[in-house]
Amino acid sequence: MASKLGYSAAIVGIGRCMTKRDDAEKLTALQLGSISSAQAIQKAGIKRSQVGAFFTGRCPTSYRTLQYNQTLLNELKIAPIFNTEVTAHGAGALGTIELGVLAVNSGLCDYALCVTNEASGVWLKDKVGQNAAGESNPQFEAPFGPTTPSLYAQVACRYMHEYGATSEMLAKVGVESRNWAITHPYAAMRNRGKITIDDVLNSRMIASPLHLLDCAVNYPGGISTAFIITRADLAKNHPNPTWIAGFGQQTTHEWISERMGAYDLDPIGAEPNLTNTGCATAAKQAYEMSGLKPKDIDIVQTSAPFSFVHLMMLEELGFCKKGEGGPFVMDGNIDADGGLPFCTMGGYLSFGQMAQGLYNLHETVDQIWGQAEGRQVPDAEVGLVHGHGGILASHSVMIVSRERAA
Amino acid sequence: MSEPAIKLEDWAQGIPMRAGPVSLGLYQPSPETMEYWRGIERRELMIRHCGHCNRFFHPKRIVCSDCGSPDLTWKKAAGNGKVYSFSEIHRAPSEAFAKGAPYINGIVRLEEGVHLFTRFIPDPGLVKIDAPARLDFRVLESNWLLPVFLVG
Numbered sequence: 001m002a003s004k005l006g007y008s009a010a011i012v013g014i015g016r017c018m019t020k021r022d023d024a025e026k027l028t029a030l031q032l033g034s035i036s037s038a039q040a041i042q043k044a045g046i047k048r049s050q051v052g053a054f055f056t057g058r059c060p061t062s063y064r065t066l067q068y069n070q071t072l073l074n075e076l077k078i079a080p081i082f083n084t085e086v087t088a089h090g091a092g093a094l095g096t097i098e099l100g101v102l103a104v105n106s107g108l109c110d111y112a113l114c115v116t117n118e119a120s121g122v123w124l125k126d127k128v129g130q131n132a133a134g135e136s137n138p139q140f141e142a143p144f145g146p147t148t149p150s151l152y153a154q155v156a157c158r159y160m161h162e163y164g165a166t167s168e169m170l171a172k173v174g175v176e177s178r179n180w181a182i183t184h185p186y187a188a189m190r191n192r193g194k195i196t197i198d199d200v201l202n203s204r205m206i207a208s209p210l211h212l213l214d215c216a217v218n219y220p221g222g223i224s225t226a227f228i229i230t231r232a233d234l235a236k237n238h239p240n241p242t243w244i245a246g247f248g249q250q251t252t253h254e255w256i257s258e259r260m261g262a263y264d265l266d267p268i269g270a271e272p273n274l275t276n277t278g279c280a281t282a283a284k285q286a287y288e289m290s291g292l293k294p295k296d297i298d299i300v301q302t303s304a305p306f307s308f309v310h311l312m313m314l315e316e317l318g319f320c321k322k323g324e325g326g327p328f329v330m331d332g333n334i335d336a337d338g339g340l341p342f343c344t345m346g347g348y349l350s351f352g353q354m355a356q357g358l359y360n361l362h363e364t365v366d367q368i369w370g371q372a373e374g375r376q377v378p379d380a381e382v383g384l385v386h387g388h389g390g391i392l393a394s395h396s397v398m399i400v401s402r403e404r405a406a
Numbered sequence: 001m002s003e004p005a006i007k008l009e010d011w012a013q014g015i016p017m018r019a020g021p022v023s024l025g026l027y028q029p030s031p032e033t034m035e036y037w038r039g040i041e042r043r044e045l046m047i048r049h050c051g052h053c054n055r056f057f058h059p060k061r062i063v064c065s066d067c068g069s070p071d072l073t074w075k076k077a078a079g080n081g082k083v084y085s086f087s088e089i090h091r092a093p094s095e096a097f098a099k100g101a102p103y104i105n106g107i108v109r110l111e112e113g114v115h116l117f118t119r120f121i122p123d124p125g126l127v128k129i130d131a132p133a134r135l136d137f138r139v140l141e142s143n144w145l146l147p148v149f150l151v152g
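Top to bottom, those sequences are chains A and B.
To convert, note that position 71 of the first sequence is 71 in my numbering; the numbers rise steadily by one, no gaps.
To convert, note that position 128 of the second sequence is 128 in my numbering; the numbers rise steadily by one, no gaps.
Note that these hints are calculated values from the structure, not bench results.
It cannot be assumed that every hint is accurate.
Unchecked claim - Just some of the chain B residues that point at chain A, by a computed CB distance under 10 Å:
| id | residue |
| --- | --- |
| 1 | 92 |
| 2 | 103 |
| 3 | 114 |
Just so you know, even glycine gets a beta-carbon here, dropped at the ideal spot from N, CA and C.
Sequences are here, hints too, so could you generate the full structure?
Set out below in structure tokens:
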């Protein structure tokens, strides 16, 4: 039975603006965000004066302003009554939509605009150093010289130890992500061809146990995605609303080594550990809100910057049992050819990671409306999108549906 | 490598760390962690303790996670622990750290029950989960004196 918030709102307009590495014209995050937002408003068929709520993901690293939400609002000439930047790392992208659902159901406004945007390439010179700075505790981790892969690798180390996952199992995710990416015209690795498990294992070690091809590629360009959300009674007036069936979010920590100071919390349990994440809580809420179960999901996108995270998320999203993500993928269950449609743009590993991954929601909407050219999944009606950020710190799960449950 | 000069009383200035042109942040001793950094100067690892709950905490804790008391005291850790997790870093975050690569960073579980991020140094054993680890102090590539753990 769906809860009161289940199917209470829908996506009625989407905008997207993207640039590739080789495009002659580079666009800033603010240009991308402005263009995609205006497009979403136009596609929803509303006036800018009707945007009552405005939520943005965290400030783009390539366009630092004190209050980026205000910067973009100023560009769009909108005047929302609710507006804020949503942090929670990459989980904040879906977090903008979740706040949008709450805002339009408050009775105080009709439409919410939710946007993330980021650009790379010409602005970011040193992603390794910059990411290490952003992801590690400045006093208790950074002085030891960690990198982002090495911080995630702490979890990989425990996951492989506790559940027996192998490097081959991790590599399989990279192989299937690439199989999807070569079908997407904007994917970072679209021209690099298919890869094998051996290719992943033979790629150079970045931070054990993670090889180069176990790691996400930073998207070499810029992406902004914008959504207009409205509540059920208004959504019926719009063509092809995509229903937000359910959602959930949880954040458990900021720094990975201090995650080991957390205990007596769901879903961690009584003893500190690294392998139970907030994804499980977020998924449980999303399933309960929607009245749906994992078997009802036709297509899945996870936001996972390293191969092993996909295995953990498949487990926590309920597609297989805890610890069985490795055997699940080795048995062909996420094969691009015939498995569960999984990370159908190529995921962070092969499409590229950028702008907190909100494009995964756009991709899912495209798929369930039959508009994913070249990589269309047959008969997809219900999709699940996972957003994540920090070192497995924040997780969001959203289930969207073409049909509204009775 | 020269002995680093930590200006403990000058925390507000911070000490900027950079990776090329990119700031790695300011990892200065701050008021709530000053005693931790003073301990390191003495070659002692200081952690937090709640007398009400008799529980040890990470040196950065401000209030007890169990009873909420702000009356945490500083205790010297015995310096014994086990490897909880680790990663050998081949791609370092800056030129300075690249000079030491590959090196092993990980999480140690102290016998007091506290987990800390640290550098593991094989001596003489291999770094693996649950291997015994003992406290030492080394000046790392960041030019900071830091608590590291010798494994084996």
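Status of each hint after checking the structure:
1. Here the hint on residue 92 of chain B is kept, as its CB sits about 6 Å from the closest CB of chain A, short of 10 Å.
2. Nearest Cβ of chain A to the Cβ of residue 103 of chain B: about 7 Å, under the 10 Å cut. The hint holds.
3. A cut of 10 Å between beta carbons decides the hint on residue 114 of chain B: the least distance to chain A is about 7 Å, and the hint holds.
The structure meets every hint from the earlier list without exception.
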